[in-house]
Amino acid sequence: MVLALATLASGPGAGTSAAGDRAEEQQVLLSRAAEAELGHGWVAAGALYRQAEAVLPESRLARRARARLEWLAAHAEGDFAPLTALASAMAAEPTHAVLADLERAVEGFPDGRVRREALAFLGDTYLRRLSDPVRALAAYRRLAELSDVTEGERQLAVSGAALAALALGEPARSVALLDEAGLTRRPEHALALAERWAEVGAPFCYALLGLFCATTFVFAGRYALGRAALRRAFAPGRLAVAAYALAAPVALLLLYDDDSGYEWRLALVLGAAGLVVATSALGAEGALRRGWSARRRAVLGAASSLAVCAAALLAVHHTGWLFRLIKAAGERP
Amino acid sequence: MNRIMTLVGVAGLGLVAVAVGCETTGLVGGGAGGALAASEGAGCLDAPPAGLPYQPGCCDHTVYVPDGVEAGFSSAVLGANPIPDHVHASWAGPTPSSFAVNWRTDNGTLATELLYGTSEADVQAASAPGGTVKRVTGHHMLYGSLLDGAQRTRVHEVHVCGLDASKVYYYKVGGPGAWSPVYDFATGPAIGATESFKFAVTGDSRDDPTTWAEVQQAVAAQAIDFQLFSGDAVVIGQNQAEWNGFFAASSGGFSTEGLFATSAFMVVNGNHDALSVNYVAQFAMPQDVSPGELAQGEEWYSFDYGNAHFVALNDTPAATATGQPQVDWLRADLAAVDRQKTPWIFAMHHRPTYSCGGSHGSDVALRSVYQPIFDQYRVDVVFSGHDHFYERSVPIRGMQGTEGQIAASGPNAVPVSESGTLYVVAAGAGAPLYGVDTSCYFVHTGESERNFVIVTVQDRTLQYRALRLNGTLLDQFDYTK
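Protein sequence lines, in the order shown, are assigned to chains A and B. The first sequence runs -19 to 313 under this note's numbering. The second sequence runs 148 to 628 under this note's numbering.
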C-alpha cells in the first residue's frame, strides 16, 4: 500500500515524455499487482503484471513483471486455492493448530508444486520453529513419497528427515536415511557422521588422553623428579615440536574460526596439545633415566602419538572442523 | 623417537596451517600484454590496448588484474572443455549503462567474448557480431593457490558499456563454438531517477552450498534487480573447490548460476574470503583505486543505483578496517553524495558494529571508527554478516563513549526524518547458525534463522522485508522520508 501511494504521489509531471509517462504507468501497474498479491488476489495480480509488461516490454520493470507471471503460473494449481491456503498459513504465527489445519488442507490439494512446497514448509516449520522433529519427520516422509516429487525436492525431504532424526538424538538413523537415498555428499551427511563419531569417538579420545596423561605423569613423578630433569624435559627441541603441533590449530582458530568465541577453544587446543607434549617429554625423560630398552621406549612413543592424535581429534571436533573435514573429504573428486 | 612420533602425529595439521597462512593476496599491478580488447558494433571500437591494465570499449573505467595471475586478452583458442560455467554479473562501472560478466572454463580456453543485444532470438542465433548483435572482448586469468595444489583455474572477464538505462539486454559468453546459454540482464535506472527498484541482502554462505542454493532460490522468486553479499562466501578463501560449490550451487532443480548471470552480485570481503586471489579474480567490482587500497581497487568501493548510493567496505583485517586510507576514502565518498539525487545511502561490510549474541557480538573498535562517519552523513541502513542470524537495531545516532545513542523512532523502530541509522545483521545463508540474544539495548528484533533481506525503494519510500528461508516474514517495516 505504501509503495502504491508513493508511486501515485510521484506521478508524471508536466512536460514529461511519452516514454516517461509509460514508465510511470508501468510502475503504478506493478505496485497495484504487488498489492493484489498481498491480498491473495492472484488472478487480478496476473492481469496487472501482464498489463505492466505490455506497456514497455524491453524495460527493466517488464522483466520483473515477467518473473512474477512465471511464478504465478507455476503456483496456479486448483485455481490458486492451495496457494491461498499455503500463503495464509505462512503469514500466520506458527502454532500446532495452524500447521494441523494446513496438513488437513494439503490432503485435498491436487498434484503440483504448491502441495510439495506446503509439505516442505510443514517439515521445516515443525523442525525449526516448533521443535517438533517427530511431526517434521512425518511431513518430510510424505513429501519424499509423492509421485510427482522432483529429484531436488526428494533430496530436500530426505535431508530434512535426516536433520529431524539428528534432533531426535539418532545420528545413526540420520546417516542411514541419507545413505539409503544415496545422499552421501550432502552436508547433512557430514554433520550426521560427525555427530555419530561424537557419540563414541569423543569419550574414547577423552579416556585415552586421560589415561596417557595420568600414567606418564605418575611415571615421571616416580623416575624423573628434579629441576634438572624438568629442564631437560622441556628442552628447546621439544618446545619447538610443541610449537609446531600447536601452529595449525592456532592458525585455524585465529584466521578462520568464528563459530563461537575462540578463546575457550584456543585454551582447549593449547591445553590438550601442551599437556600431551609435556607428559610425553616427561615420560621419555623417565624412560631414559630408567634405562629402558629401545623397544619399550618405542611403545611409549607410540602411546604418545596416539594421545596426540586423540587431542587433535578432540580439538577439530570441538572447533567444528571435524564436520568440515568430513564434508571436504566427501566433496573431493 | 617420542619427538618423531609427535611430529608425525601433527604433520597433517601442520600442512593445513602452512597452506592457510601463506597465500598471496592479489594486488594492484599489471600483467601480460596481449591481443585485442574491443567493443564492436556499439559505435565504440577501440584501438588495441597496449596491455594490462586497460580501458574496455565505451567504458570510462580502467580494468586491472591481480598480481600472481597469468592474464591475457581474448584469442580464438578453445580448450578441451570450453563451455562457460560459473557465469555471474556485476557492476564495475555505472549501473545505468554498463555491466561486467565473469565466468570459468577449462584452463586451455582463451576465448573471452560476449555477444549481446536487445533481441533474445538474435543473440541466440548469433556466433559473431552483426545486425542487432554486438560483441565485446575481455581478458582471462589463470591462478592457483597452495590449497589447490597443481590444480589451477581459468576465469574470464568482460565489461560491457555504453548501454541504455533501465533496459533489458540479452547476452551470452564464451567464443565461437563454445557459447553459454543466453541470459538477460537489466541495466539500472538513470542516477537520481525515482523508478522503483528491489535488491536482496545475503551473507555467510560458507559451509553449505545446498542451503546457499535454497536461499538463492527464495531470493530469485522475489524478482530482484541486484544482490548485496556481506562476505564469507566460503570457509577458506584460498580453496577453489569451495568457490566452485558457491558458484554452481544447486537445489531442487534450481541453480545459482541462473540468478547470478541475470542480476548483479555485489560482494565485500569477509574474514574467511581473506581477500584471496580466488576472491579477487572471480569478481569484478568497481576498481576506483585509492591510496593504500589492495585488490586492484576492489577492496572498498561505492556505486549508485537509481536514487540510492551504496558503500562497500573491507573490515578484515582490523588494521585495514580502521586504517586511515579506507576511513579517508569513506569520508570523502560520503561527502560527495548529492542527497537530492540519491537520498538513500546503504552501507555494507562484514563484521557487525551492533550485534547481540552469536559468537562475536559488536565490533566496538570498528563502531568507534565507522559510526561517527555514518552519523555525519546520515547513512540509512548498514548491512553486515559474520554473526550467523538475523538482527535489526533500533535507529542509532551519536555515541557516548563507545556506546551508541538510541535515536527517535516511530512504530516498529523506524527512523523519523533520518533520525538514526539502522544496523542489520543478515547472515547464515549456509554457515552454521548462532544463538541470538535480543537483550542488548540496541536490538529491535532478532532470530536465529536462515534469512535474507529484500529492500524495495520507491522514490522516498523504502519497503523492508526480512524473510526466512521457507518464505515466511521475519521482520518488516516501511520508511518514508
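No lab work stands behind these hints: they were computed from the structure. Careful, some of the hints might be misleading.
Partner residues aside, some chain B positions facing chain A, computed with beta carbon under 10 Å [as the list claims (entries may be wrong)]:
| no. | residue |
| --- | --- |
| 1 | ASP269 |
| 2 | ALA272 |
| 3 | PRO276 |
| 4 | ALA312 |
| 5 | THR334 |
| 6 | ASP355 |
| 7 | ARG597 |
| 8 | THR603 |
What you are looking at is a predicted structure, and each value in this text was computed from that prediction instead of being measured. Heads up, the beta-carbon is just placed ideally off N, CA and C, and yes, glycines get one too.
Hints, one by one, checked against the model:
With a cut of 10 Å, the hint placing ASP269 (chain B) at the interface with chain A is violated, because the nearest CB-to-CB distance is about 13 Å. Because the smallest distance between the Cβ of ALA272 (chain B) and any Cβ of chain A comes to about 18 Å, over 10 Å, the interface hint for this residue is violated. Hint status for PRO276 (chain B): violated, given a least beta-carbon distance of 20 Å to chain A, over 10 Å. Here the hint on ALA312 (chain B) is kept, as its CB sits about 8 Å from the closest CB of chain A, short of 10 Å.
Residue-level restraint check for THR334 (chain B) holds (minimum Cβ-Cβ distance to chain A is 7 Å; threshold 10 Å). Given the 10 Å rule on beta carbons, the hint for ASP355 (chain B) holds: about 5 Å separates it from the nearest Cβ of chain A. Look at ARG597 (chain B): its Cβ gets to within about 8 Å of chain A, closer than 10 Å, so that hint holds up. A least Cβ separation of about 6 Å between THR603 (chain B) and chain A falls short of the 10 Å threshold, and the interface hint therefore holds.
The earlier numbered hints that this structure contradicts are 1, 2 and 3.
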